[in-house]
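**Q** Starting from the known structure of chain A, arrange chain B on it as the hints suggest.
There are 2 protein chains.
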Amino acid sequence: MSQLREQLIAAREASYALAKLSRVEKDAALTTLAAALLAAQDTILAANAHDVAAQVALGTAEALIDRLLLTHTRVASIAAGLNALADLPDPVGDVVREWDTPLGVHISQIRVPFGVVGIVYEARPGVTADAAGICLKSGNACVLRGSASAYTTNNAIVTALQEGLIQAGLPPYAIQLVAGDHLVTTELMQARGLVDVLIPRGGAGLINAVVAGATVPVIETGTGNCHLFVDASADQQLALTVALNAKTQRPSVCNALETMLVHRSIAPVFIPQLIAAMNAAGVTIHGDPAACAIDARIVPATEHEYVAEYLSLDLALAVVSDLDAAIAHIRRYGTGHSETIITQDEANALRFTTEVDAAAVLVNTSSRFVDGGEFGFGAEIGISTQKLHARGPMALPEMTTTKYVLVGSGQIRP
Amino acid sequence: MSQLREQLIAAREASYALAKLSRVEKDAALTTLAAALLAAQDTILAANAHDVAAQVALGTAEALIDRLLLTHTRVASIAAGLNALADLPDPVGDVVREWDTPLGVHISQIRVPFGVVGIVYEARPGVTADAAGICLKSGNACVLRGSASAYTTNNAIVTALQEGLIQAGLPPYAIQLVAGDHLVTTELMQARGLVDVLIPRGGAGLINAVVAGATVPVIETGTGNCHLFVDASADQQLALTVALNAKTQRPSVCNALETMLVHRSIAPVFIPQLIAAMNAAGVTIHGDPAACAIDARIVPATEHEYVAEYLSLDLALAVVSDLDAAIAHIRRYGTGHSETIITQDEANALRFTTEVDAAAVLVNTSSRFVDGGEFGFGAEIGISTQKLHARGPMALPEMTTTKYVLVGSGQIRP
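Chains as they are written, first to last, in our numbering: chain A, 1 to 414; chain B, 1 to 414.
If you are wondering where the hints come from, they were derived from the structure by calculation, not from laboratory data.
For every residue, glycine included, the Cβ atom is placed at its ideal position computed from N, Cα and C.
Just so you know, not all the hints are guaranteed correct.
Example chain A residues on the side facing chain B (calculated, C-beta under 8 Å, incomplete) [as the list claims (entries may be wrong)]:
{"hint": "1", "residue": "L206"}
{"hint": "2", "residue": "D357"}
{"hint": "3", "residue": "A359"}
{"hint": "4", "residue": "N364"}
{"hint": "5", "residue": "I412"}
Here chain A stands alone, though its shape is the one from the complex:
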């Protein structure tokens, strides 16, 4: 039996124990895990220094090394995240609906954990404790597959968390790290019956590899090529404020603005103001010929710039003839993450929110709000851009499935 298979069987056993825990027991365990993480912080930081030194020696880009780097402050923040999970409601056991059949069988649909959740993710070691905590709170055992460059750090974090599990009287196999080469990742993706759900967290390359290779059910956390359409009736000052926020508040994330579409009737007036405001904020605008004809400060855009995310202080711009053209553009280029209309026309707002197919559609507000924390969910495992099971920010309830419980007194089917 492979080492991974042994790990998954141990995870399944642990999942049976987790599924029975009360909220009080899980919250106490989370607090214990946070304390164990803090107690082990010198070991964790030493392990991290090892991983960071290896990447420095390889000449890895500074931004990637910063994502990998842990500090006392960052470890404290990871521990605080575990404590914060203890304050959130427990979805397990919630009754989704219940009713009696005509023959008197009582049916209830109850939230239950998935069982064993696999998570495949890229460099940031904060994800390790974060994902483990969300899985624990939702009653799931987790099997974590981080990147090789963070292995020593992740291993130190998981060892500390397992120490915490033992202190809390829980099976240490509830949180496990997967070691080995990419063949092990493939084995994890195809472990039908042993892994209930697989969640990839990372860039488009990682997600596509998991979707193509997995035979276990996957929840995709996809990319965000997000649009903002400024309608003819828009409050133009509001449009500028919202667009600036959506583009510049944090340009590297999936809910940041990537392309603006401007109604042609207001383009000659609005676009010069937009360029001024965006340029002042350090944003370069890449436009279609109609936009370029209005303002010489616009750089001509290639087709590819409407397809891909910039994730930087760059913004694609196109002039559209009407709402239909805006919707058609979004259908063609959008990735189904977050799409915005700025309008004072209620009928157009309704058409946009109905006809644009995305996890989130917004009217007169910033796509940066499409986030588990901003939604008030308290914790988020990612933002799903697929349509099955969970769409949009995924919080604790999205980490559960349901079970029908039928209680009768001898009823049989006629």
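**A** This is chain B only, laid out in the frame that chain A set:
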């Protein structure tokens, strides 16, 4: 561009039109489709006679030919199914939850159609109209891939339904049949971005092929190796009644009973009564050594008989030492469909329903109730044994996803 790709692009366009329809429009269309089916019944029956003759010539088993065969009565029943869908509530537009954020952004989570649903299914041509109707009512375009042996029949049915769509003023591409060899099935399973959800309906071979080959999201409708555990405290007369119903009311379906587990403390008294009742109903009992030692009428069972569904008048039987052993047996051999306990001990009932991981867990009633119709759902596309999105009977709401709508007045993220 392949023919399938053209079909899928046409389905996507049609899905935009369907997503906007009101309940009244969809119900009127369903009634029109039912009438179109009845109007075309001579053509459909002639097409079916062609398919049936081909299978007779090939020497196909009678039971399979019966599944393929249509009659005036069966066509009338298929049309009645479409009319019945018009009476069911429309899930699209339902508000799952809504709230205001501290900054005053109103967030609502709304039910919306998936878009394009692919369905891969085996011989029974009734599925064609059934699946198309469920997709239409839930606002989805559908692409149907039936088996080659029913192609002429399915084509006649889809042609009639498309005629009905045109009469109802809807795009005929909302319901399409896929033609071609198995390479087309593979293309359908891998049409990412064009197919939102793929639902296989059929035996384990079909489902495994789809799960292994698909890169689009899949909802599995799996097999049912269903157990019934008779606890020490069981009302034994009730146990006999429920077990007989679960085994014999319709042995060929996924929620039929396949294995009984009997607590050893009651086995010597209960098992002879069970054998008498089951034998009288034509059921052969295959038992483990402990059971065989109690009653000579029991045939020794092989390990494989605890693994696989019989789908016939056969029943596997094992004596277990206690509730824990029963749960362990179900964890080992169950397929996560429907699992039953017969007990008068409330603590044991609660432990069983909590610790057994299945789409449905039952206390003192028949697993034959685990069915969309019996649940009162009115229509069912299948019974999901996976944990993502839908688990158990899948009705109209399970054929939708959700979308978050955020409405603000210029709020930006601080």
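**Q** All hints are to be evaluated individually against the structure, with a verdict given for each.
**A** Cross-check of the supplied hints:
For L206(A), the suggested interface contact is broken, since its CB lies about 15 Å from the closest CB of chain B, more than 8 Å. The closest approach between the C-beta of D357(A) and any C-beta of chain B is roughly 6 Å, which is under the 8 Å cut-off, so the hint is satisfied. Because the beta carbon of A359(A) sits about 6 Å from the nearest beta carbon in chain B, less than 8 Å, this interface hint is met. Nearest Cβ of chain B to the Cβ of N364(A): about 5 Å, under the 8 Å cut. The hint holds.
Nearest Cβ of chain B to the Cβ of I412(A): about 4 Å, under the 8 Å cut. The hint holds.
Hint check: a violation occurs at hint 1 only; the rest are consistent with the structure.
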